[in-house]
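Asker: Take the sequences, apply the hints, and build the full model.
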Amino acid sequence: MTALEFQTVHEKLWAELEQAVRLPERQLDPQRFLALYRTCCEHLALAEARGFASGIVERLSIVTARAHQIVYRQSDFGIARIARVLLNRFPTTVRAHRGYVALAALLFLGPALALGFAVYHKPDLILSIVDAGTATKFEKMYDPSNEVLGRLRDAGSNWMMFGFYIMNNITIAFQCFAAGILLGIGSVYFIAMNGAFGGAIAGYVASAGFGGTFFSFVATHSAFELTAIVLCGAAGLRIGRAVLLPGRLPRTTALELAAKDTSVIVFGSAVMLVIAAAIEAFWSSAAWLTPTAKYSGAAVCWILVALFFLRRPYAD
Amino acid sequence: MNPAIDTILTAETPEGIAISIRPAGFAVRATAFLIDAAIRFVFLMICATVLGAGGGFGSGARFRGGLFLICLFVLNWLYPVIFELTAAAATPGKRIMGLVVLMVNGLPITPAGCLIRNLLRFVDALPLGYAFGIVCILLRNDSRRIGDLAGGTVVAYRDDVQPAGSLAAADPIPPPTVLSTRQQIAIMAFGFRVGRLTPQRAEEIAELASGALQDTPARLSLTARLVGVARWLHGDRAVHTGAVHTGAAHTGSAAP
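Chains A and B are the protein sequences, given in the same order.
Be aware that the first sequence starts at 123, since it is given in the working numbering, and climbs by one per residue.
Be aware that the second sequence starts at 80, since it is given in the working numbering, and climbs by one per residue.
Hints are computed from structural coordinates only; laboratory data are not their basis.
These numbers were taken from a predicted model, which means no experiment stands behind them.
Ideal placement from N, C-alpha and C gives every residue a C-beta, glycine not left out.
A portion of the hints provided could be inaccurate.
The list that follows gives simulated cross-link-like pairs (lysine to any residue, SDA-like), each with its CA atoms no further than 20 Å apart [as the list claims (entries may be wrong)]: (1) K262/A / L304/A; (2) K134/A / E286/B; (3) K134/A / P190/B; (4) K244/A / F319/A; (5) K382/A / W156/B; (6) K382/A / R200/B; (7) K382/A / P213/A; (8) K382/A / I161/B; (9) K259/A / A328/A; (10) K382/A / T189/B; (11) K262/A / L247/A; (12) K382/A / L157/B; (13) K244/A / A318/A; (14) K262/A / F337/A; (15) K382/A / L164/B; (16) K382/A / G369/A; (17) K382/A / C150/B; (18) K262/A / W410/A.
Residues from chain A that face chain B, not an exhaustive set, calculated with beta carbons under 7 Å [to be verified]: (19) A187; (20) H243; (21) L247; (22) F286; (23) T375; (24) E378.
Answerer: Listed below in structure tokens is the structure:
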């Protein structure tokens, strides 16, 4: 069969597929479309094998490439899918990376506790972390005589702080993850730095005698916030390890796999940080709530977070 | 196939065909980035104007202030994620430049790939002015930055190469010798491209194939003869106006 005959016989099918790929996805008849796509793939393979004119091969390549994009497009972004990812895949993935999570937690808590105790006993040390103005600002923020806690009186309202927490904390979490690609060093740096900073501030505020307001302030939202930052750091450590020690895979493949595995952790952590920001802005900062109420809320949140990651997942 | 001759990536599909991906280089991606930066800047200005309109210190102003910070976050981190997950699979800047983000295996972009490539933008931007990303793009044939490597994505040209046009007109001439498939493809490709060449250049190229043109009518130019062979190979058997040779001369020629 010559190219011309081949074209004459199958022209109608090609034209039909060419028309179909231009239609909006909703108007397509899936069965007809798939059948056309497969037939045209067959024709393309035949045309190439028989050395038919480039005009035919190119035309078929273009239309099959278009159809390929349509056939394999992942169009299911529905609530059900997102919920499934968050409720099942997120905790499952975290459990599968428990070694990295433990390491990240250690990297966070180590500097936090060390600097916390050091600064508590020798408050001057805070000046090696932040400047004097910032230290005073933090001290004022947790003065029990404030009507709102965790911020300066003129800093803005709950909503303002909600926006600030979202921007600031999610950016920190994303950095903890992304910097991991630098052989993991970036993640170690960001986790330890944030731990050290938080610990130092806690130690300093406690040494000023405002520990009660400070710890009741951070107790609740830290269940989500610190967990999420540690999880992002753990994901960063995983991709760092893939680059540093790819094992038997090529480095780029190891990196690609590690990033694909851990992306759900970053997504889940971002959602946790939005929850944390809401709690921090509207609950933690409320001075009218007694510390007892806040600690009870904190206990509930920590237990919920722990259960979320430890419970047996539903079938996917 | 020589992999160094161009930057085209081929991805094989489950249907057994190969899809060509043409990765976009540094210059076109930088332009797309600048367009996106301008769009983000304008959007940020609009947000600042609308949300800052009330002024003052009332709770309304503070609510708007919080909203502004959220806008800042979204524009900073989520702008590319959101646009690349739409059907266009490209940010407005990429769309204007005719680019699209694909998985490196030719599939449409997945949510995980999109999230990773855009979060790792932070690393590509290190230490200053996207230095890591630029070096990575320039060093690689497929022009992928670090985020693309981790996400398994590639930024490619969206529009297809236009088909070569139609076969030039000539009277079909049966090939005087048996031609291999590769030779047939080359001759037919010549037939399709000859319209874009100057006659002199076409004649030069046709001369390279003169080994395949023995015993063809010598009073025609090499170009005309080669196009004639191309037409015959393509399946054209009809003798057009001003027939040069009789049908009898064709009989007995081996059909490919």
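Asker: Next, verify each hint and record whether it holds.
Answerer: Evaluation of the provided hints:
Of the supplied pair hints, the one linking K262/A and L304/A is violated, its CA atoms being roughly 38 Å apart against a limit of 20 Å. Between the alpha carbons of K134/A and E286/B the distance comes to roughly 38 Å, so the proposed pair goes past 20 Å and is violated. Simply put, K134/A and P190/B have alpha-carbon atoms about 36 Å apart, too far for the 20 Å limit, and the pair is violated. For the suggested pair K244/A and F319/A, the alpha carbons sit about 15 Å apart, so the restraint of at most 20 Å is met.
Of the supplied pair hints, the one linking K382/A and W156/B holds, its CA atoms being roughly 18 Å apart against a limit of 20 Å. Of the supplied pair hints, the one linking K382/A and R200/B holds, its CA atoms being roughly 16 Å apart against a limit of 20 Å. With a C-alpha separation of about 15 Å, the suggested pairing of K382/A with P213/A holds against the 20 Å cut-off. This hinted pair checks out: K382/A and I161/B have alpha carbons roughly 18 Å apart, not beyond 20 Å.
For a cut-off of 20 Å, the pair hint linking K259/A to A328/A stands: about 14 Å separates their Cα positions. Restraint check: the Cα-Cα separation between K382/A and T189/B comes to about 10 Å, which is no more than 20 Å; the hinted pair holds. Annotation: proposed proximity of K262/A to L247/A holds, straight-line Cα distance about 18 Å (limit 20 Å). Among the hinted pairs, K382/A with L157/B is consistent with the structure: their alpha-carbon atoms are about 18 Å apart, no more than 20 Å.
Taking the CA atoms of K244/A and A318/A, the gap is about 15 Å. The hint holds against a cut of 20 Å. Under the criterion of a C-alpha separation no larger than 20 Å, the hint pairing K262/A with F337/A is consistent with the structure, at around 15 Å. Straight-line distance between C-alpha atoms of K382/A and L164/B comes to about 16 Å, which keeps the hinted pair within the 20 Å bound. Our distance criterion of 20 Å between C-alpha atoms is met by K382/A and G369/A, whose separation comes to about 17 Å.
Using a Cα cut-off of 20 Å, the hinted pair K382/A and C150/B is violated, with the two alpha carbons roughly 27 Å apart. Among the hinted pairs, K262/A with W410/A is consistent with the structure: their alpha-carbon atoms are about 18 Å apart, no more than 20 Å. Taken as an interface hint, A187/A checks out: its beta carbon lies about 5 Å from the nearest beta carbon of chain B, inside 7 Å. Taken as an interface hint, H243/A does not check out: its beta carbon lies about 36 Å from the nearest beta carbon of chain B, beyond 7 Å.
With a least beta-carbon distance of about 30 Å to chain B, the hint placing L247/A at the interface is violated under the 7 Å criterion. Hint status for F286/A: holds, given a least beta-carbon distance of 5 Å to chain B, under 7 Å. A distance limit of 7 Å between C-beta atoms decides the matter here; for T375/A the minimum to chain B is near 9 Å, and the interface restraint is violated. Using the Cβ-Cβ criterion of 7 Å, the hint placing E378/A at the interface with chain B is satisfied: the shortest such distance is roughly 5 Å.
Hints 1, 2, 3, 17, 20, 21, 23 from the earlier list are contradicted by this structure; the remaining hints agree with it.
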